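As they're listed, the protein sequences go chains B and F. Take the first sequence: its letter number 73 is residue 73 in my numbering, and every next letter is one higher. Take the second sequence: its letter number 237 is residue 1237 in my numbering, and every next letter is one higher.
Hints are computed from structural coordinates only; laboratory data are not their basis. It should be emphasised that the depicted structure is a prediction, and the values quoted were computed from it without experimental measurement. Ideal Cβ positions, reconstructed from N, Cα and C, are used throughout, including at glycine. One thing to keep in mind: the hints can contain errors.
Said to hold, decoys possible - Simulated pairs of lysine-lysine, DSBU-like, Cα-Cα distance not exceeding 35 Å:
id, chain 1, residue 1, chain 2, residue 2
1, F, K1227, B, K310
2, B, K30, F, K1140
3, F, K1140, F, K1359
4, B, K132, B, K30
5, B, K114, B, K30
6, F, K1227, B, K114
7, F, K1266, F, K1359
8, F, K1139, F, K1332
9, F, K1431, F, K1139
Said to hold, decoys possible - If you want the footprint, here are the derived chain B segments under chain F, 3+ residues with CB under 8 Å:
id, region
10, 51-59
11, 69-81
12, 287-293
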Amino acid sequence: MKRTVTLGALAVAGLTAAGAAGAATLDDVKARGTLNCGVATGLPGFAAPDANGVWQGFDVALCRAVAAAVLGDPMAVEFVPTTGQTRFTALASGEIDMLARNTTWTFSRDVDLKFEFVGVNYYDGQGFMIPKALGVSSAKELDGATVCIQTGTTTELNLADFFRVNNLSYEPVPIETNAEAQQQYLAGACDVYTTDASGLAATRATFEAPGDHVILPEIISKEPLGPLVRHGDSEWGDVVRWTLNALVAAEEYGVTSANIGELSTTAGDNPEINRLLGTEGELGAMLGLDAAWAKNAIMAGGNYAEVFEKNIGENTPIGLSRGLNAQWTEGGLLYAPPFR
Amino acid sequence: MSDTHAQTAAFVRDSMIQQQDPPVSQSGAVKWVRENLFSSWLNIILTLASLWFIWAALSHLLPWMLRGIWQADSLAQCRAIRDELYGPDVSAACWAVITERWNQLLFGFYPQDLYWRPVLAFVLFLVAIAPVLFQGLPKKMLGFSLLSPFVIFWLIWGGSIWGPVAIALGFVVGWAVTRYLTPVIGVLPGVIATILAPIVYWLLVAAPLAGLLQDILPLGITPVGSKDIGGFMLALVIGVSGIVLSLPLGILLALGRQSDMFLINKVSVTFIETIRGVPLIVWLFTASLLLNYFLPPGTNFDLMLRVIIMVTLFASAYIAEVVRGGLAALPKGQYEAAGALGLDYWNSMRLIILPQALKISIPGIVNTFIGLFKDTTLVMIIGMMDPLFLANAIRATTDWNGVYWELFVFIGLCFFVFCFSMGRYSLFLEKKLRREHR
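Build out the structure end to end from the sequences listed, making use of the hints.
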């Protein structure tokens, strides 16, 4: 016990020291020639290596966009697979430059752990999946259900809150990974599986008979998932933040990987697009990048909509609809500040 | 033959009766079955219950395994093929995930055109380990065994050939100091110099020397980073390095713990108890996370090396205790006899004590090795690509999401093959070394 305390104290001391010392990440990345990006060890649609060992996914696409913006090469990324336990220390110690690992933006992570969430690339929320045969149409009817729940996550706490507030009882079946949860749920070890709605959709898509299972309409928590960087290096934070904003804004202005070549050669009618793509103004230089930074970022995998459709959209096996992740003009929450 | 009874006996057989087979119930399989499986009511019930259990397990498992589909691009395709072949409600394994990701499970993200290097390294490893394991082979092969770690290291990680050469020279430096300097300066300073000289050489001379040699004669193959090494290759690299390094270290620690010298004794005891008292996971976290804070920023101390060091230290603490058990089992007379022969400490250990103590400890040592090899899967927790990590990653692609048992069955089988061979070898060694009761 004493040892644990000592180790913890050392870790905290190290955290603060690293936080103070870890300035000028942008220069480090440029000097190194590669971006060290922390991703999940494997999450369907968000981050997974393909048969050739090339990382693919929604979070991975953001790493590639940042690498393209800073270094001009979307493949110049060193992916560091991080687990739920190692992700924050890997970032704090400087092993990775940014973390894009569907991490929920919470107060304590932002303030207490001394990280800076630079935006939200996916608005998620916790949902419930049940077999259709149960005949339940609302989460409020789940009194007395057995619930498969991943331990040590915010979902566990949200679940307890939800059932307490609605004065329902439940019996948790603790499980460790999503794959294990699928097996337990299919084997009937629990009536309900609860996790982020995106995860539920991905899980349901793998079932032999997806139609036999329904995802209940209630979303019981807010899970804004976003990339984060270390405290104390605002220049680097700006680079990641505005790369994400560039992808979102590109969708809003109709800039796609198909028409970007044409749009970026000469200044067009829309001054916002001109500033974004560097045909007008000095936005790139303000970030410490070259003028084509946003163009490179968008060309890496397309704008936000293209990245979404390619990795997790309705035409993929995961089949997520845009929902909250639509542009603000279409009733969603994506709202990139002006490029001015 | 007298004819005393010729009149009293009514009948005397004058020819030998034909030899007959024993009754069916008293020989062969039937006898064995009756004696071992159906000898009493309790045994009959237990046998039937066991048979039912085996049948129940196999009747589900075997069709699933044998119907398995070996060629498909994704789980959905697997299911389509299965529906076509057997109908929709039949369970069939989708081995195609292993066919498709075979290379990844074996080598991780190692560059595909360089697969020959780890394969060659593995063959060299087998050649190098053979003379250590089996006495019948020529002793000259041991020379290659000493050289092989450097060759294998160079083959797997690539890069300039002069790096491993420069490191190997460190051992030559140590040997030279023992050979030529020790007679001049005496035993204790000699031992200290033998330990210090290579360390000083490695820290100060080795890197510039390797650089210089590379400038003069650039010889090298494509370097491959540790982060690309994964799958069973990673498990083998960590497991084998841990096994090879932890045995000598463990023996030294065991001797240290038995030593009368205060400092050596206490250092050994502290080391063993500290390492043993903390779970391996904690040491792995220390290796991957805490060391980052302690080391000066910018030092890039390879994660795999850190993990190998931690695994080695961990296993050596266990080996030390196992060997200590062997040492304690020897009668004191053996120590005294060694002393009476006029042997000094190292010679008595080398010639009398350790051969006996190690023989006693074989099952325990191999047990520790098997545990160590299986523990390599724990590195998944710190984000290294061991087979289980890759199983997770494979499952995370949209193609294979939902595949579960096939990967576990395959990985489990591979580990079983390795561990079972180690166990068999230990039995072979025990039989060969059995001296007392034969």
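Structure-based check of each hint:
1. F:K1227 <-> B:K310: Holds, because 27 Å separates the two Cα atoms, which is no more than 35 Å.
2. B:K30 <-> F:K1140: 52 Å, violated
3. F:K1140 <-> F:K1359: Holds, at roughly 24 Å.
4. B:K132 <-> B:K30: 53 Å, violated
5. B:K114 <-> B:K30: Within the cut-off at roughly 24 Å; holds.
6. F:K1227 <-> B:K114: 28 Å, holds
7. F:K1266 <-> F:K1359: 26 Å, holds
8. F:K1139 <-> F:K1332: 33 Å, holds
9. F:K1431 <-> F:K1139: At roughly 22 Å apart (the allowed maximum being 35 Å), K1139 (chain F) and K1431 (chain F) satisfy the hint.
10. 51-59: With 4 residues close enough to chain F, the hint holds.
11. 69-81: holds (count 3)
12. 287-293: violated (count 0)
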